[in-house]
Amino acid sequence: MSRYLLKRLSMAAFTLYAVMTITFVMIQSIPGGPEDYIRAQLMQSRGDGSISMAQVSQLAERSMNINPTDPMHVQYVEYMSHMLRGDLGESLHFAAPVDEIIVQAMPWTLFLLSIATLLTFSAGIVLGAIMAYLEGSRFDVGTTVVSMFLNSIPYYIFALLAIAVLAYDWGLFPASGHHPTGADPALSLSYFLAVIHHASLPILSLVITGLGGVALTMRGNAIQVIGEDYIRVANLRGVPGRQIATRYVGRNALLPMYTSLMISIGFMFGGAVVLEEIFAYEGIGWYLLEAVNARDYPLMMGAFLIITLAVIVFILIADLTYSKIDPRVEQEDSREAY
Amino acid sequence: MAERTSTFQTDAEPDRDDRITRSRRELYRERLDLFVLTPLRVIWSDWRTRVGSLIILVWVFLGTVGYWLVSEPFPGDGPRMEPAFQSLEFPLGTTIRGESVFALVVQATPAMLVMITAGAVFSVAIATLVGTVSGYKGGRVDRALTVVTDIAMTIPGLPLIILLAALIEPTHPVTVGIVLTINAWAGLARAIRSQVLTLRDHSYVEASRIMGVPTRRIVVDDILPNIMPYVLVNFVQSARGVIFGSVALYYLGVLPFSNENWGVMLNDAYDSFGVFTSWETAHWILAPMFAVVTLSFGLILFAQGTERLFNPRIRARHAETIDEDNMEGHR
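Here the protein sequences line up with chains A and H, keeping their order. Taking my numbering, the leading residue of the first sequence gets 1, the next gets one more, and so forth. Taking my numbering, the leading residue of the second sequence gets 1, the next gets one more, and so forth.
Treat the hints with care, since some could be wrong.
As the list claims (entries may be wrong) - Capping the alpha-carbon separation at 25 Å, the derived lysine to any residue pairs in SDA-like fashion look like this: (1) K324/A with A18/A; (2) K324/A with T146/H; (3) K7/A with R209/H; (4) K324/A with S114/A; (5) K7/A with G138/H; (6) K324/A with D150/H; (7) K7/A with T321/A; (8) K7/A with K137/H; (9) K7/A with T198/H; (10) K324/A with Y230/H; (11) K137/H with R8/A; (12) K7/A with A18/A; (13) K137/H with M11/A; (14) K324/A with L236/A; (15) K137/H with R209/H; (16) K324/A with R209/H; (17) K7/A with A191/H; (18) K7/A with Q195/H; (19) K324/A with Q195/H; (20) K137/H with P256/A; (21) K324/A with R143/H; (22) K324/A with K137/H; (23) K324/A with G98/H; (24) K324/A with L305/A; (25) K137/H with T321/A; (26) K7/A with V148/H; (27) K7/A with T146/H; (28) K137/H with S114/A.
Simulated from the structure, these hints should not be mistaken for lab results.
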């Protein structure tokens with residue numbers, strides 16, 4: 001176990017390092033370079049051309065942790081060490097440290113996405129299992145078609161339609177924001193319910209358009225497992241039906257879905273950008289897009305880095321719990337090289 | 001399918017003089033039957049692939065022939081905000097500027113198709129290359145490629161694409177397609193790797209290895225044909241990913257508006273009216289939504305059905321050839 005854990009942890013750390021390097025390269029490849037960018041931002045806010053080189057590099061140092069006058073390798077080391085200390089620079093658009101913006105935005109996104117992922121997978125798995133059990137029935141054929149159809153609707157199109165019908169037309173849900181304006185963010189039940197109310201439509205959009213794909217995968221896996229010999233043997237041996245359904249079929253059909261869970265974690269975090277923009281839900285994705293539109297590179301890179309960090313952590317958790325369910329994953333590396 | 005080709009070869013060798021006596025035309029007919037007509041028949045036999053390919057064909061038709069038939073829309077072509085299904089001239093109504101909504105949808109199709117194809121080809125090619133090499137070679141090469149794949153898989157795609165789009169501002173549909181699939185290959189590469197892991201120890205692969213066939217030939221001749229079906233299914237899946245991604249990013253205004261795209265339409269309609277304030281204005285925003293959903297529904301139907309097409313057991317049951325005696329005699 002400890003070796004596996006070590007391997008996974010170092011992999012996660014290496015991924016984080018790689019993404020940090022990618023953001024560094026991206027800042028370097030800003031059209032015109034970081035200096036031009038800072039100069040343009042300064043000229044926009046002060047309105048004249050009298051900006052000294054020293055001012056430019058000072059501001060670049062503060063907002064992006066990069067001093068353009070230093071040689072490249074010094075810039076890189078500086079940048080990395082600031083990142084590791086949790087200093088993500090300063091947003092020029094919001095005139096605040098990037099880490100502060102992120103700390104208050106991130107919980108909303110995590111809240112939204114963990115509920116959506118949980119619901120998508122549990123509903124999809126249950127639906128897929130029922131479909132596989134009733135294979136060939138009218139219910140199975142019907143839900144298969146519906147699942148394929150739901151899977152072909154992009155979540156943002158569903159979100160737009162949901163806003164039009166459920167929010168504007170019927171007035172059931174709020175169309176934007178993550179909590180009622182002017183409400184006191186206190187630990188009261190009414191506040192909590194209002195927060196859930198505001199999150200309902202974005203969550204619904206992800207769940208409705210995502211569960212079809214999960215259900216179809218689960219259905220396929222379960223049908224394949226039901227056809228295996230060991231299920232027949234278990235039947236002949238007189239293992240109770242419920243035990244076959246949960247321990248034999250359920251477990252073996254669920255294991256291959258692990259990869260799709262991992263991919264969908266990344267996908268959901270990506271989708272958060274579009275969803276949060278549509279619902280004006282001020283999570284990390286909303287800030288990322290604001291930053292892109294304002295060409296606020298420090299915030300852009302910071303938000304991107306934090307979204308990636310969140311995905312890394314989620315995948316790490318999935319990975320570590322997975323090895324508890326399926327002991328085979330720990331002994332994967334014993335193959336000959338050709 | 002490697003098994004298929006190899007049996008074909010070994011069986012065909014003794015029949016060499018038989019082959020010479022047969023006319024060239026017959027040979028072509030047989031090939032046509034084996035590689036074109038039989039797959040078509042199998043596609044037609046499953047309702048999913050049948051409906052799916054019909055939908056895709058309609059869009060390909062609209063994007064090629066339709067593109068030339070439907071003239072480019074200009075502001076002031078018709079009345080402003082005419083609802084859908086009122087006149088033949090503007091079947092899907094008009095925009096606030098009097099452009100035909102139908103013409104806008106059709107004119108955006110070719111760029112969409114190019115973008116989808118470019119993205120799907122790029123991601124599938126990279127995935128196949130990385131997945132097969134990594135799975136087959138094993139050892140240090142595998143470890144290095146797995147690390148790269150895992151990183152690419154972990155980085156959340158859409159935020160990365162948004163950053164790249166903001167930095168390089170791609171305008172050509174091919175570039176946009178490639179940017180949109182910049183790390184979409186990773187999941188597929190990993191899946192292909194695990195498929196190759198089970199294939200690399202098959203007896204015929206081992207035989208090739210003992211005979212000293214170079215690695216490149218083993219991968220191309222023995223491994224690739226077996227994973228092609230899986231790759232093709234995923235080609236369709238990543239095509240769907242490109243549609244979703246491009247429309248989202250054009251809708252958000254992250255990608256520069258150089259080509260007409262259904263996402264540009266969505267954005268335009270949304271900016272003028274919000275989501276939709278009344279059913280009189282709804283057609284403008286519903287038309288591109290309908291386009292996205294039908295095309296991706298077609299692709300999903302096709303992908304689901306294709307898995308049957310390539311499953312050898314099912315295929316054998318469905319594949320009747322036009323001239324069974326000929327095939328029998330040949331065998």
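#### Entry: Hints breached by this structure
Per hint list: 1, 3, 10, 14, 16, 22, 23, 24, 25 and 28 violated.
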